[in-house]
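Peer 1: Chain by chain, the residues:
Number of protein chains: 2
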Amino acid sequence: MEGGAESEPTRIMVAVNESSIKGYPHPSISSRSAFEWTLQKIVQSNTAGFKFLFLHVQVPDEDGFDGMDSIYASPGDFQEMKHRDKIRGIHLLEYFVKKCHEIGVPCEAWIKKGDAKEVICHEVKRVRPDILVVGSRGLGPFQRVFVGTVSEFCVKHAECPVITIKRKADDTPQDPVDD
Amino acid sequence: MEGGAESEPTRIMVAVNESSIKGYPHPSISSRSAFEWTLQKIVQSNTAGFKFLFLHVQVPDEDGFDGMDSIYASPGDFQEMKHRDKIRGIHLLEYFVKKCHEIGVPCEAWIKKGDAKEVICHEVKRVRPDILVVGSRGLGPFQRVFVGTVSEFCVKHAECPVITIKRKADDTPQDPVDD
Chain A
1 MEGGAESEPT RIMVAVNESS IKGYPHPSIS SRSAFEWTLQ KIVQSNTAGF KFLFLHVQVP
61 DEDGFDGMDS IYASPGDFQE MKHRDKIRGI HLLEYFVKKC HEIGVPCEAW IKKGDAKEVI
121 CHEVKRVRPD ILVVGSRGLG PFQRVFVGTV SEFCVKHAEC PVITIKRKAD DTPQDPVDD
Chain B
1 MEGGAESEPT RIMVAVNESS IKGYPHPSIS SRSAFEWTLQ KIVQSNTAGF KFLFLHVQVP
61 DEDGFDGMDS IYASPGDFQE MKHRDKIRGI HLLEYFVKKC HEIGVPCEAW IKKGDAKEVI
121 CHEVKRVRPD ILVVGSRGLG PFQRVFVGTV SEFCVKHAEC PVITIKRKAD DTPQDPVDD
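Residue numbers (UniProt numbering), protein chains in the order written: chain A, 1 to 179; chain B, 1 to 179.
Everything labelled a hint here was simulated from the structure, so no lab data went into it.
Computed from a predicted model, the values in this text were never measured in an experiment.
Check before you lean on any hint, since a few could be wrong.
A pair counts as met if it fits within one copy or between any two copies, since identical chains are not told apart.
[What the hints assert, rightly or not] With a cut-off of at most 35 Å between alpha-carbon atoms, the simulated DSBU-like pairs for lysine-lysine come out as follows:
| # | residue 1 | residue 2 |
| --- | --- | --- |
| 1 | K125 | K86 |
| 2 | K168 | K51 |
| 3 | K99 | K112 |
| 4 | K82 | K113 |
| 5 | K113 | K51 |
| 6 | K86 | K113 |
| 7 | K98 | K86 |
| 8 | K99 | K82 |
| 9 | K113 | K99 |
| 10 | K99 | K168 |
| 11 | K125 | K51 |
Turn these sequences into a full structure, and let the hints steer you where they fit.
Peer 2: Here it is in structure tokens:
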């Protein structure tokens with residue numbers, strides 16, 4: 001039972017996404033609370049015993065619109081849009097990387113494009129973390145979604161142990177489907 | 001970011017069950033490997049930062065038989081059977097409690113009767129652990145069961161974060177439905 005600096009740190013992959021609520025790219029409530037819970041309850045003061053791997057999956061915008069009434073008039077406009085997506089993703093990851101640096105836990109972070117659940121399981125296969133952490137809105141049977149389909153899929157298909165962390169009732173926004 | 005002995009230890013509830021394979025009451029492959037994984041990857045050398053809560057749920061034997069060709073001729077026979085079940089449960093828990101003592105992690109252990117998934121979620125509500133660990137046989141789509149229904153139910157319904165730990169391919173017995 002060796003640990004800490006003596007053996008390899010436990011590599012925790014955390015799948016993080018943007019909030020669906022207005023504003024500058026900031027993490028979703030469930031991503032943020034899953035990360036904070038992991039720090040507080042798992043890592044504790046054993047910062048040498050863990051390493052975080054933050055994965056942000058960006059869903060390619062099928063119709064080319066990202067919620068704004070933009071007009072794409074030239075190939076350059078699409079380039080610009082892709083560039084903006086990348087910047088948003090980097091800002092999102094910056095939030096988590098900064099926190100890790102403050103606390104002194106090593107980390108890595110990267111962005112992939114595709115269907116979140118498929119990409120997460122594919123990255124688990126490729127990167128081989130010891131554990132995958134997924135936040136979930138934890139919506140009950142009387143709300144529109146049961147439990148995040150992403151977390152449900154990962155529990156079944158990811159080739160490593162998975163921690164599913166439901167959002168606390170206090171953290172639920174006005175529309176519980178928001179996150 | 002306090003931890004270790006300085007703050008309250010993280011209380012990890014582990015749902016453990018008996019192996020379906022022959023012999024003296026011994027833990028199922030998935031219970032044992034979930035516990036060992038948790039020690040190695042989460043607790044590491046931070047033994048003061050965690051406390052284990054072992055819950056063993058015994059399914060009441062509906063037809064009164066436990067696989068042996070016993071004849072129950074008197075109320076005393078049933079008493080005897082109940083007593084034997086209790087002893088088996090205690091021996092099972094002893095395995096985990098002993099390991100904790102060896103390593104120096106505090107623990108508690110208890111037995112409940114009923115439907116495993118319902119009882120586990122009920123005990124989470126009652127005892128309020130920080131996290132629930134459930135092992136799963138992790139059977140694939142071409143085997144008889146997809147992912148243990150107990151773990152699936154707990155991920156959805158338990159009122160705390162849940163770690164689902166699938167049995168490793170190397171640990172799978174001849175009949176993968178065995179555990």
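Peer 1: Indicate, hint by hint, whether the structure satisfies it.
Peer 2: Outcome of the hint check:
1. For the identical chains of this complex, K125 and K86 are intra-copy neighbours only, at 24 Å inside a copy versus 42 Å across copies, given an alpha-carbon limit of 35 Å.
2. Taking the closest pair of Cα atoms, K168 and K51 come within 35 Å of each other both inside a single copy (25 Å) and across two copies (23 Å).
3. For the homomeric pair K99 and K112, the shortest alpha-carbon distance inside one copy (21 Å) is at most 35 Å, but the shortest distance between copies (42 Å) is not.
4. Taking the shortest Cα distances, K82 and K113 sit within 35 Å of each other inside one copy (11 Å), while across copies they are farther apart (57 Å).
5. Within a single copy, K113 and K51 get their C-alpha atoms as close as 23 Å, which meets the 35 Å cut-off; across copies the closest is 40 Å, which misses it.
6. Only within a single protomer do K86 and K113 lie at most 35 Å apart by alpha-carbon distance; the minimum there is 10 Å, versus 53 Å between protomers.
7. Within a single copy, K98 and K86 get their C-alpha atoms as close as 18 Å, which meets the 35 Å cut-off; across copies the closest is 52 Å, which misses it.
8. In this assembly of identical chains, the alpha carbons of K99 and K82 lie at most 35 Å apart only when taken from the same copy (27 Å versus 54 Å across copies).
9. Taking identical chains as interchangeable, the C-alpha atoms of K113 and K99 lie at most 35 Å apart only when both belong to the same chain, with a minimum of 24 Å there against 44 Å between chains.
10. Taking CA atoms no more than 35 Å apart as the test, K99 paired with K168 passes in both settings, with 21 Å inside one copy and 33 Å between copies.
11. With identical chains, the CA atoms of K125 and K51 are at most 35 Å apart both within one copy (17 Å) and between copies (31 Å).
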